[in-house]
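Residue numbers (this note's numbering), protein chains in the order written: chain A, 1265 to 1397; chain B, 2 to 398.
There may be inaccurate statements among the hints.
Quick list of in silico lysine to aspartate or glutamate cross-link-like pairs, DMTMM-like style, CA-CA up to 20 Å [claimed, not checked]: (1) B/Lys337 to A/Glu1307; (2) B/Lys349 to B/Glu372; (3) B/Lys190 to A/Glu1307; (4) B/Lys349 to A/Glu1365; (5) B/Lys349 to A/Glu1345; (6) A/Lys1306 to B/Glu5; (7) A/Lys1386 to B/Asp103; (8) A/Lys1391 to B/Glu5; (9) B/Lys349 to A/Glu1344; (10) A/Lys1346 to A/Asp1324; (11) B/Lys33 to B/Glu308; (12) B/Lys133 to B/Glu112; (13) B/Lys337 to A/Glu1370; (14) B/Lys349 to A/Asp1324; (15) B/Lys190 to A/Asp1277; (16) B/Lys347 to A/Glu1307; (17) B/Lys190 to A/Asp1290; (18) A/Lys1346 to B/Asp179.
Please keep in mind that the hints were generated in silico from the structure rather than gathered at the bench.
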Amino acid sequence: MSPKRIVLYFNADTSDKPMIYRLVKDYDLIINIVKANVNPQKEGTMVLEVEGEQSIQGLDYLRNLGVKIEDLNKEIVHNEEKCVMCGACTAICPTGALKLERPSMEVSFNGDECVVCELCIKVCPMKAMEVSL
Amino acid sequence: MGVEKTYAEINARIKSGQAVVVTADELITIVKEKGLSQATREVDVVTTGTFAPMCSSGAFLSLGHTTPRMKMQKVWLNGVPAYSGLAAVDAYIGATEVPEDDPLNGNYPGEFRYGGGHVIQDLVARKPIRMKALAYGTDCYPRREIDTTITIDSINEATLFNPRNAYQNYNCAVNLTDRIIYTYMGMLKPRLGNAHYSTSGQLSPLLKDPNFQTIGIGTRIFLGGGIGYIAWHGTQHFPSIQSVDGKDLGPAGGTLAVIGDLKQMSPRWLVGTSYLGYGATLSVGIGVPIPILNEEIARYAAATDEELFAPIVDYGDDYPSMKPGNLGFISYADLKSGEITVNGRKTKTAPLSSLPRAREIASTLKNWILECQFLINEPVQLLPSPTDGLKSNTLKG
């Protein structure tokens, strides 16, 4: 079975617990951290590849701690035709995947930083951020 | 006595290809390098630009008569109601109007995916628009309904008339509450999670002529990608000069009413816009040329982001409850840096007004003038200035 790709969303209270340790030690899972943006007392995100017989139990353990989990089977696309480079998404994007380049003040999108939280899809006033399945 | 130039002299220089036209960004550099007096002598026109959501926008459409004739009482364009309490086939499509079956904020936060602003963008993009109308029927206008398709070219007139655009300055919006709020200043995260602002700062038209010494009725402007005119002062035009402890923090409160032929505008510069949880609107591109008639006008036009300030306002509680005051002032230089400190806490800033598009407008307008496609109109009458003391009324009830 190939590893499952998931995104974890932490709230400010759960971001400082040693969860990955527990997933490995207690549930015998093989974990590959693809990207992580976790800071003490702040909201955070992590993209994981998870493999192992007890993966369902392991993910339930995370959910019980208040971690939101979603499958990563989509990607976000920046439609540059529609984007007017206003910047309204850039202080909303939790990972900095969408940011303003300085001094040009143009909006750039780095898919490698994106965790598909889809906030930009909702807040973009021009509907220039799109989900690709 | 410094340099004094007239509109006629400046236009003569434009026509002879000798005019020096620069953007407001470029003027700042020239003043720094050569000094204000030399810059005033050299530069004839400074161009400005802004591209942002401007809700008080809309278009008058004269749809053409039907056979038999019809006095349209209710009109819908792509499902969006247009006001038709005008003559038989005239209507006004307002930027923030939404279809009657839109769930609005019933499904909070509402998406407002299509509204009057989108209709205007589709019209100017020359897309077909489904038009429906109802009427009660009269002896001279007997027809009672129609369901047809129009385009901007099939109707008689399409006139963009925006009663309030190009706000001189705007609040920097934050949220002090514990919940996410959805505003016309975008989504604001709780506890100062972000700060949104919405002008192009040192490139913004009305920040560059704080006392309305050149901007007035009849000023020819860049509007929606075409040529437009300032028709009047905008609604809620209450210009003032902000100050704290005697320090000048730049102007605020001025607005423009603008008009132009929609048929020569472009969907790149009139963009239908949706604010989550707030509503639909229209983003409008506007550029105003400022003739450098004397040193004082040049000095104001050369104001920098460090010298222009926005008030920081809490949209969680203070703004909706009409509480006066603010959380302090912040310069556009700080706002554009990406991070500011409010109430001792660092927060990320983001604009709702596109600076790359504002720059494009200022340089497009500059090129139009240099290519002699655009002359500078002397206003018929200047707009009210801060010294006129216009004050806002509030509604009782």
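Hints violated by the structure (listed by number, smallest first): 1, 2, 5, 6, 8, 9, 10, 12, 14, 17 and 18
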